[in-house]
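Q: Assemble chains B and C onto chain A, guided by the hints.
Residue numbers (our numbering), protein chains in the order written: chain A, 1 to 355; chain B, 356 to 616; chain C, 617 to 855.
Mixed in with the good hints there might be a few duds.
Pairs of lysine to any residue residues, derived as SDA-like cross-links and limited to a Cα-Cα distance of at most 20 Å, are as follows [unchecked claim]:
1) B:Lys455 with C:Pro827
2) B:Lys400 with B:Val607
3) B:Lys455 with C:Arg627
4) B:Lys455 with C:Ala628
Anything over 12 Å on all C-beta distances counts as not near chain A; from chain C, calculated [to be verified]:
5) Ile625
6) Val626
7) Leu659
8) Thr762
It is worth saying that the hints were derived from the structure and are not from the lab. Model, not experiment: these values are computed from the prediction. Glycine is no exception: its CB is placed at the ideal position from the N, C-alpha and C atoms.
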Amino acid sequence: MSLEVDVRVAAGAFTVDATFEAGAGTVALLGPNGAGKSTVVGAIAGLRAPERGRIALDGRVLEDVAGAVHVPPQDRRIGVVFQDRLLFPHLSALDNVAFPLRAAGASRPDARERAGRQLARTAPGVRPDAGPADLSGGEQQRVALARALVTEPRLLLLDEPLAALDVAARTAVRRILREVVAAFEGPCVLVTHDPVDALTLAARVVVVEDGHVTQSGTPDELRRAPRSSYAAALVGTNLFRGPVEPLEPGVGRLRAADGEVLVPWTGPSADDVAALLDPVDVALHLLPPEGSPRNVIEGRVTEIVIEGTRSRVRVDGRPSLVAEITPGSVQRLGLHEGDRVWASFKTVEVRVEPL
Amino acid sequence: MTRSSIAGTCIILALTACSSAPISGGESSPQASELTVFAGSSLTKGFTELGADFEAAHPGATVTFNFGPSDGLAAQIDSEGGADVFASASQTWMDDVAGKAGITGRTDFVTNELVIITPSDDPAGIGSLDDLASPGVQVVLAAEGVPVGDYAREALTNAKIDGAVLANVVSNAEDDAAVVATIISGEADAGIVYVSDVTAEVAPGVRSVEIPDDVNVIATYPIAIVDGSSNTELAQQWVHFVTTGDGQTRLVGEFGFLPAA
Amino acid sequence: MLLPLLALIVRAPWSDAWSLVSSETALTALRVSVVVSLLAALLSVLLGAPLGWILARARFRGRSVLRAVVILPLVLPPVVAGIGLLAALGRRGLVGRLLYEAGIQLTFSTAGAVVAATFVSMPLVVIAVEAGLRSLDERLEDAAATLGASPGFRLRHVVLPLLRPQLVAGAILAWARALGEFGATITFAGNLQGRTQTLPLAVFEARQTDPGAAIVVSLLLVALSVGVLVAMRDRLLAR
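Extracted from the complex, chain A is given alone in its bound form (with noise of 0.2 Å):
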């Protein structure tokens, strides 16, 4: 089970050249809007020849330009969400469902009862008889991803399932997301500007830049070595993840898996959040610093990565987390790997955002 991708494809002035792979599991392909990601997707779907390259997608080639192998995206067995839905604004909730089971041969009350299953797991709650203008967009991208689901496809292509969604609907459709995603046995591409998608939904990433590829890997590994500006600020974001409570007004204390911070927060307890945290707003001191910043973190430095003008230094914790800093900062706090150090950070500075 597994996805090979190796193209580059036109999209108007600019090309996109994409090379990756995806076993089980989920990749996200990461980028800037603009930067070609859904062309990508166009690919693999196979709305968009390529300029040249090859996909196969469980050893099945479906696109070879040197060997003249187009497979259309009729007969792929790829199912695509896309940013906007695209639902049939003829047919019911129901009958965008049943759509591909009636493409693929089924009679209509097979197809019907088999969608209202399919619709009842992905979709609770959405009326079967509803028009797709009758629902709202968290609703529509649910329907979306029963249409996809239904009839069981070897490759889920998510084309910012989450990005024209408001904040309430992006939670709630991101939570079946991540239930679908955990069942769905083939590779699944998720193509998202959003760092929080891809370090939440992702087991790897792809940083898709300016019609590049210019990383891939663990959100990890992108953390601990951004090789690029954008995904500096992007990937290598501190996140920390779990519940959180209210501690006094505006402040609420989360639990991540390895330790403790404190974020801002308003409203009541919550099961699980991502909190994000930029490593140039975490400061690190030889001393425990005094003064404002309620976020002390002492630890161990594990790691430090001088990339041009950065200096990324991994701390080990209660949580762990990567600050950056210059070179000359380095230098002049004289740190070396395996030195004690505190990290601090304002509360202010974390973004936290419901999941």
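A: For chains B and C alone, coordinates are given in the frame of chain A:
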């Protein structure tokens, strides 16, 4: 806004041009006047040329023609007026105008007779009137009510072949000009029109087959001044011109009409 | 707009109206009109919809020229359309000659009247379908393809259902245009009762002999058109 104002300006200019034309004409010629003649379509060719002769002989005079099927013209005159002179291809429609719009100075000025025309290559091999009754011959007549159409049916009745020929009719054309056009294009095998329809221009494109005198219908063309004419004097001059003058000479000599009895 | 209609109603010889409407001439012309206009509307949809699709979706040189040619019959005087049809499909025409040799003659036949009416009304379907396809999100077809739908299935279950309002509107417009068609019909197909004499031709002929009958038959034509257009209004507007 600019587009509509340009259009508006154009309309205004056009109207000004129209209304000023008689004035400028008046400056160059004190007798400027207009004459509108409604005439059956069989007169189209002859009257158009006579109009030029007439204008040459009457400096300042402008003759405007409205040609069409006589029945249609009569209906127009009866309901809308606008004609100084009406020249009809049949007495029926002159009677109609006489009874409704009113006329003066009615006189017969030419007669016409019918002829069979076929495409020049004569695909159906038409040698006589009776051949029109052969099965499969595609015949075009002017519609009923149109004088030439009624005359043609009368001639067929005279020859006692109306039933067979009418069964061969593939189209009832709006007037004799349409019959001629259909035959020239070769779409039908034969048609019946006036002798005068086979003008010098038409002759090379068609082949004429005479209809025997004993069954042929002689159409007598009346002409008259329509009541309410704004220019009776000029109208009288036109009637005189085509009845006895040079106009008569050319109608009979060049355009295939026969003199009135 | 309403004035000529009101005048027709005022001028109609109502006492004789029923006998005039039920006259053989009027009923025969009505039958020919209904047959010819419906067949023309059907042909317009069958031929015009694929043409609209080509204009909206295919990319090739000379597309704007093709569009102009396809729409030309709409702006052409109908008589010119008729003369063009004669030159092409008449028994001495470019193509008609071959048809005639094969025993098919379109001129002076009901089929010819259908051809003439189709020629002038098909552009309305082409325009409606092209506009409809342009406003249709092509990515819906992409989505359908990724869901396993073959091109034929996409056409039947996505494109045609979504295009239905435009197809219906185009068909009604084409039908209405075909019903009122006069110039191309009389020029190409002639005027023969029971075969090519449609209501407009009957009106024209009756005008010469019996103006009252012409008015009554005109009103019959109006009533037929208004009736169908009113009955169809919801389908026209409904999406």
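Q: Give a verdict on every hint.
A: So, going through the hints one by one against the coordinates:
1. With a C-alpha separation of about 14 Å, the suggested pair Lys455 (chain B) and Pro827 (chain C) falls inside the 20 Å cut-off, and the hint holds.
2. Proximity of Lys400 (chain B) to Val607 (chain B) is assessed by CA-CA distance (about 13 Å); at most 20 Å being required, the pair is judged to hold.
3. A C-alpha spacing of about 17 Å is found between Lys455 (chain B) and Arg627 (chain C), which places the hinted pair at or below 20 Å, so the restraint holds.
4. The suggested pairing of Lys455 (chain B) with Ala628 (chain C) holds, with an alpha-carbon distance near 19 Å, which does not exceed 20 Å.
5. Interface exclusion of Ile625 (chain C) from chain A stands, the closest Cβ pair being 42 Å apart, more than 12 Å.
6. With a cut of 12 Å on Cβ distances, Val626 (chain C) stays outside the contact zone with chain A, its closest approach being about 47 Å.
7. With a cut of 12 Å on Cβ distances, Leu659 (chain C) stays outside the contact zone with chain A, its closest approach being about 27 Å.
8. Against chain A, the non-interface label of Thr762 (chain C) is violated: not every CB pair exceeds 12 Å, the least being about 4 Å.
Going through the hint list in order, the structure does not satisfy hint 8, though it satisfies all others.
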